[in-house]
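Asker: Sequence:
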Amino acid sequence: MFPRLNNLVKSVSPIVLSCCIGLGFPTALLQAGEGTFQVPKFRSLPSHQLGGLEYRFLKKGTGKSPRVGHKIVAHYGGWLESGRVFDSSYSRNEAFQFTLGGRVIKGWNLMLNKMRVGDVVVVKIPPYLAYGNRDISVIPPNSTLYFQIELIDFQ
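Position 143, counted from 1, in the sequence shown is what the working numbering calls 143; the numbers after and before it change by one each time, with no gaps.
Treat the hints as calculated values from the structure; they're not laboratory data. Keep in mind that a hint or two might mislead.
Label-pair distances were calculated between CB atoms; the ranges are [claimed, not checked]:
{"hint": "1", "residue 1": "GLY51", "residue 2": "ASN93", "range": "29 to 35 Å"}
{"hint": "2", "residue 1": "ASN93", "residue 2": "LYS59", "range": "16 to 22 Å"}
{"hint": "3", "residue 1": "GLN49", "residue 2": "ILE136", "range": "21 to 27 Å"}
{"hint": "4", "residue 1": "GLU81", "residue 2": "GLN155", "range": "32 to 38 Å"}
{"hint": "5", "residue 1": "VAL138", "residue 2": "LYS59", "range": "24 to 30 Å"}
{"hint": "6", "residue 1": "VAL138", "residue 2": "ARG67", "range": "29 to 35 Å"}
{"hint": "7", "residue 1": "VAL138", "residue 2": "LYS60", "range": "19 to 25 Å"}
{"hint": "8", "residue 1": "ARG134", "residue 2": "SER65", "range": "28 to 34 Å"}
{"hint": "9", "residue 1": "GLN155", "residue 2": "PHE86", "range": "26 to 32 Å"}
{"hint": "10", "residue 1": "THR144", "residue 2": "LYS59", "range": "21 to 27 Å"}
{"hint": "11", "residue 1": "ASN142", "residue 2": "LYS64", "range": "34 to 40 Å"}
{"hint": "12", "residue 1": "VAL104", "residue 2": "ASN133", "range": "14 to 20 Å"}
{"hint": "13", "residue 1": "ARG84", "residue 2": "LYS64", "range": "33 to 39 Å"}
All residues carry an ideal CB built from backbone N, CA and C; glycine is no exception.
Please work from the sequences and hints to get the whole structure.
Answerer: Okay, here's the thing in structure tokens:
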């Protein structure tokens with residue numbers, strides 16, 4: 001159904017994080033089965049704003065952009081400002097699938113609508129585009145969330 005999924009590395013360990021001082025973005029280290037790559041320090045990456053989001057491209061894709069209603073396939077890691085990882089599709093070795101415009105936080109819908117297949121971004125999502133004042137298990141109320149999102153495919 002999603003041919004690009006066949007090319008994914010199947011053994012990816014959890015995200016390891018350390019804060020990048022003064023920028024509000026952590027530096028993440030994702031370990032893949034055949035090596036590791038380290039997200040560059042964000043001082044060297046241009047920052048973009050989108051409807052309250054702040055994001056930076058780690059890799060620019062060349063594919064098409066999805067629209068509301070498309071079924072998305074993406075990998076992600078999410079963490080709090082403290083650096084605590086709260087979820088990661090990488091650690092489950094399974095890409096996340098959902099319908100754009102559907103049951104994900106508003107910040108995800110905004111960001112994925114602007115991405116292309118192959119893009120990898122780090123995005124800072126303010127509480128009002130995330131869970132707001134709701135207490136979501138490991139995510140405290142009014143939390144700013146950080147994600148590394150990799151758009152793999154869509155239909």
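Asker: Give a verdict on every hint.
Answerer: Verification of the supplied hints:
1. GLY51 to ASN93: 29 to 35 Å: With Cβ atoms ~32 Å apart, the hint holds.
2. ASN93 to LYS59: 16 to 22 Å: Roughly 20 Å apart at Cβ, these two residues keep to the hinted range, so it holds.
3. GLN49 to ILE136: 21 to 27 Å: For ILE136 against GLN49, whose Cβ atoms are near 25 Å apart, the range 21 to 27 Å holds.
4. GLU81 to GLN155: 32 to 38 Å: For GLU81 and GLN155 the Cβ distance comes to about 34 Å; the hint holds.
5. VAL138 to LYS59: 24 to 30 Å: Cβ of VAL138 to Cβ of LYS59: about 28 Å, so the range 24 to 30 Å holds.
6. VAL138 to ARG67: 29 to 35 Å: Holds, since VAL138 and ARG67 (Cβ atoms, about 31 Å apart) stay within the stated range.
7. VAL138 to LYS60: 19 to 25 Å: At roughly 32 Å between Cβ atoms, LYS60 and VAL138 fall outside 19 to 25 Å, so the hint is violated.
8. ARG134 to SER65: 28 to 34 Å: holds (30 Å)
9. GLN155 to PHE86: 26 to 32 Å: holds (28 Å)
10. THR144 to LYS59: 21 to 27 Å: holds (23 Å)
11. ASN142 to LYS64: 34 to 40 Å: Roughly 35 Å apart at Cβ, these two residues keep to the hinted range, so it holds.
12. VAL104 to ASN133: 14 to 20 Å: holds (18 Å)
13. ARG84 to LYS64: 33 to 39 Å: Given about 34 Å between the Cβ atoms, the range holds.
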